[in-house]
Amino acid sequence: MSRRAWTLRFLVLTLPLRPSRPAARIAMTQLHVDTEDHDRLEHPLDVVERLASLRDWIFDRAETDEMSVSVSGRWAEYHVAFTWIEDMEALHVACAFDLKVPERRRQEVLKLVSLVNEQLWIGHFDLWSTDNVVMFRHALLLAGGVAPTHPQCGMMLKSAVEACERYFQAFQFVLWAGKPAREALDAVLFETEGEA
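Quick note: the sequence shown uses the working numbering, first residue 25, plus one each step.
To be clear, the hints were calculated from the coordinates, so they are not data collected in a lab.
All C-beta atoms, glycine included, are put in the ideal place defined by N, C-alpha and C.
Heads up, a few of these hints could be off.
Computed beta-carbon distance windows for the label pairs [unchecked claim]: (1) H174 with D210: 32 to 42 Å; (2) S77 with E186: 16 to 26 Å; (3) P204 with G169: 42 to 52 Å; (4) E87 with L123: 20 to 30 Å; (5) R130 with S77: 37 to 47 Å.
Mimicking DSBU-like on lysine-lysine, the simulated pairs with C-alpha atoms at most 35 Å apart in a straight line are [what the hints assert, rightly or not]: (6) K124 with K203; (7) K124 with K182; (8) K135 with K182; (9) K135 with K124; (10) K135 with K203; (11) K182 with K203.
Construct all of the structure, not just a fragment, from the sequences and the given hints.
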């Protein structure tokens, strides 16, 4: 495995703001990519695979840079995909649930995705246009050859599944009950706050 070293440089420009006033100095950043390659001690998905084996998760690693894990939740069966993105030095997780979005409900689902994303501190939901499914996505940046830890990988999976579990019913309300996005989200948030 190789990585790119990134350096950040500051560039100061002097620009006239108005003809009648003196020039102002503006600091701008300039990104420089060092093409020197550095070896990674271990493939990040090896760590995820080891964790999956230790926890007896059902998983499949068909490709070097891709791995899928099946997780049973309270509301649905979740398909979690871990992908190593070499160019970005990022471990990406995507958690999808099996709710196909029909064209007639697409706009309302997109509104719900936007409302839900406002609630999240990490990660985000997307409507995957090729398959018309809703998924949660998040990435762990591992710049500089850093290896992920078992707790980090476990937390990636946990946060993805928990986000899907928390908002799954809101997507169901929009898709199957025909509710508006705001009403569906409010119903789910009210239920969550009311549970003991």
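Tested hints:
Separated by about 37 Å at the C-beta atoms, H174 and D210 satisfy the suggested range of 32 to 42 Å. Checked against the hint of 16 to 26 Å, the C-beta distance between S77 and E186 comes to roughly 22 Å, which is consistent with it. Between P204 and G169 the beta carbon distance is about 48 Å. The supplied range of 42 to 52 Å therefore holds. At roughly 26 Å, the beta-carbon separation of E87 and L123 lies within the given 20 to 30 Å, and the hint holds.
Range check, R130 to S77: about 39 Å between beta-carbon atoms, so the 37 to 47 Å window is met. This hinted pair checks out: K124 and K203 have alpha carbons roughly 16 Å apart, not beyond 35 Å. At most 35 Å may separate the alpha-carbon atoms for a hinted pair to count; K124 and K182 meet this at roughly 23 Å. Under the criterion of a C-alpha separation no larger than 35 Å, the hint pairing K135 with K182 is consistent with the structure, at around 25 Å.
Simply put, K135 and K124 have alpha-carbon atoms about 16 Å apart, close enough for the 35 Å limit, and the pair holds. This hinted pair checks out: K135 and K203 have alpha carbons roughly 12 Å apart, not beyond 35 Å. A threshold of 35 Å between alpha carbons decides the hint, and for K182 with K203 the separation of about 28 Å falls inside it, so the pair holds.
The structure fails none of the hints (numbered hints given earlier).
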